[in-house]
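Student: Chain residues, written in single-letter form:
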Amino acid sequence: MKKLILLLAMIFVSISIIGIELVFWTAPNPLQERFWKETVAEWNANNADIQIKWSTIPAAGSSEEAILTSIASGRMPDICTNIFSGFAAQLIEADILVPLDSFPDFWELIDARKMRPIIEKWKFGRNYYVLPIYSNPIMMWWRMDILESLGYTVPPRTYSEIYEVSQKYSIINERFGTLVVMGRNWWDRWFDFITYYYAASGGAPYLDIEKARALFNNDSGKEVATFVNEMFRNNWTAVDLGSNPFYTGVVLGGIFGPWEINQARSLFPDVFKNIVITPPPVPDSYPEDDPIYTFADTKGLVMFATTKHREAAWKFIKWVYSDIEKDRRWMEMTNLPPAREDLLTNSIFKEYMDENPYFAAYASHVAYAVPPALTTKTVEVQDILTTFLIETIMYGKKDPLAALSDSSTRVRKELF
Amino acid sequence: MKRRLKTLEALKGWSLSGGYLLYTAIFWGYPFVWLIVLAMSKWNFLTPRRFIWFDNFIKLFQDELFWRVFINTFNFMLYFIPMVIGLSLLFALGLKRVKLFRTFFILAFLVANVSSGVAYSIIFQKLFAINGPLNDLTRAIFGVTIPWFSSPQLATLSIAMMVTWKFIGYYGLIIFSGLQAIPDTLYEAAEIDGAGRWTKFFRITVPLLNPSIVMVLVLSLTLTFGIFTEPFLITGGGPMRTTYTFQMLIYTTAFQKINPGYASSLAIVVALLSFGCVILTRKLVEREVELA
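So the sequences go chain by chain: S and A. Per our numbering, numbering of the first sequence is gapless, rising by one per residue and ending at 416. Per our numbering, numbering of the second sequence is gapless, rising by one per residue and ending at 1292.
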């Protein structure tokens, strides 16, 4: 009996010594893995009472699939990154996330990280459940070498300027003005219609989630639909352009995220030096001095409501994101802009920005990058935009404004 | 003594088949029961499951997308099945005539079958691009550009061509083994009776190949209901949803729209459709063949 008591006492003591263990999942991306490995090791070395058990999101068809499986089997982590807005909305509706603004020092962290306007776009109902980690503004790349050979010194800014340059450059089925439609999958709409819509509307929302309404059938939506239609009807753009049409000069311009910078630098060094990065195109009437908004490919961090150690998990989150040095390390290691507004103004980031002007072009638009609508029907809505708007315009099946109106009605029905 | 022997035999039997039965119960029986339960449930992985009986099935038959995919599947069959059977038969007939390097030819065609779907989808995507090498060729010779993946009808044909390329070697070998089983004496007897090349082909080869052709037909029918990688990677189901397949619909419904209950009901209906097609084909095409 004595031995048994002694054994139990030893187990109890060792549990107390080990303390809290938090399970933390991050994106399965080698660059991000490097950052988290280093950061978690630093935390674990200095916080014996709260140990982080870090791993990447388990292998599956997608991160969402892996997280859903973990939820279904009751084995979800305490904290998880790589959460996109649509998935976050589903998790929030299922009531399995902790509202981060329930922590008293939440706004203190937001202000310390200079991200108040950014977090505003992540509000769901009355709360904030996701802490955006990085924000990739989607920007337009132009081949300045070819533009100069056509007699231009600055890349096109408006739709009319794109029409003009496309007319000069295009040869049917051989060369085209720009890549306008990024593909036929539902997620491609983030990088074409939604990007163009944010640019044309000054970052206005395309859905009203609370009233279950589609908002894009307005003047800005009409401008975008007409632009896409003009480009296809005149054969100034196409889909199915094989590999790397931008680098091979098949198109003069295209929409890309900052992840493309490293690839372009290493695979196409000759073209790389001739690239100019601009915001997405805007309608001719868009005021010249107004900032141009764009779509934010952004991912955030969430805390699952099943965690038994909310305070400890928050302490870790706060430790990571209140330290500006960690954001600098993140930027250097991943080449993804941290979701903060002072990337161009804070001296800590200056050296990196000076050395990486292309990255600086992206960083300059973090403040004007708008995340997608926080809807649980992301796939359904963007499926409708693909079939009844973009493809309908591409194939000239309907007048672009009729296609816009039809897709808007369908989206409203889907949301309702 | 007799009873003991019987027990011993039973023990041996159970020990031999037990592993398989256990495996089947865990990896087939359990998922099958769970599939039926899910098909009658409303669930999103996140909130508690709710039993809704046949609501998913009722919704399914009213779903515009389901019927679009249904039409796509039969459209794909119209291209794929004649093409794959015709070309596999040609491959098998050619192989029968080849005496040298036969194994090399067989392996060359089988390489397509064992290739990664992702890898060859990317290659075909580049090959069939508007500005790809195939269109460069057609433009140079005929002055035309073929929108392989951009035209709604051609996209289905293009994917059927890719899948045919992948399966010619495998199906061709099945037909080839059928050809090998036909005794030469039958052809010799026919020649004595004055039968020409075509008569021998249509009166001897084709009827006696019936079991092989039915097998290839059944395999290609089930394959049609299982296409996923090629349209998912290349066309994303477009243009205008014409290459959307049942497997894509099941996958996106379960894991992107987070509706596993509805996806399960789809899986059951697709399985029944597939079985129905196989049974119908066998009834219409299968004949009893005796070679002895």
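Don't read these hints as lab results, they were simulated from the structure. Treat the hints with care, as some may be off.
Claimed, not checked - From chain A, some residues computed to sit far from chain S (all C-beta separations above 12 Å):
id: 1; residue: 1058
id: 2; residue: 1117
id: 3; residue: 1199
id: 4; residue: 1269
Stated by the list, open to error - Restricting the straight-line Cα-Cα distance to at most 30 Å, the calculated cross-link-like pairs of lysine-lysine (DSBU-like) are:
id: 5; chain 1: A; residue 1: 1002; chain 2: A; residue 2: 1012
id: 6; chain 1: S; residue 1: 397; chain 2: A; residue 2: 1002
id: 7; chain 1: S; residue 1: 377; chain 2: S; residue 2: 121
id: 8; chain 1: A; residue 1: 1042; chain 2: S; residue 2: 308
id: 9; chain 1: A; residue 1: 1283; chain 2: S; residue 2: 413
id: 10; chain 1: A; residue 1: 1059; chain 2: S; residue 2: 211
id: 11; chain 1: A; residue 1: 1126; chain 2: S; residue 2: 273
id: 12; chain 1: A; residue 1: 1002; chain 2: S; residue 2: 377
id: 13; chain 1: S; residue 1: 211; chain 2: A; residue 2: 1012
id: 14; chain 1: S; residue 1: 326; chain 2: S; residue 2: 222
id: 15; chain 1: A; residue 1: 1012; chain 2: S; residue 2: 377
As the list claims (entries may be wrong) - Just a few of them, taken from the derived set where beta-carbon distance is under 7 Å, the chain S residues facing chain A:
id: 16; residue: 65
id: 17; residue: 72
id: 18; residue: 73
id: 19; residue: 92
id: 20; residue: 96
id: 21; residue: 238
id: 22; residue: 240
id: 23; residue: 243
id: 24; residue: 250
id: 25; residue: 391
Note that the Cβ used here is the ideal one computed from N, Cα and C, for glycine as well.
Student: When the hints from earlier in the document are held up against this structure, which numbers fail?
Tutor: Numbers 6, 9, 12, 13, 14, 15, 18 and 19, in rising order.
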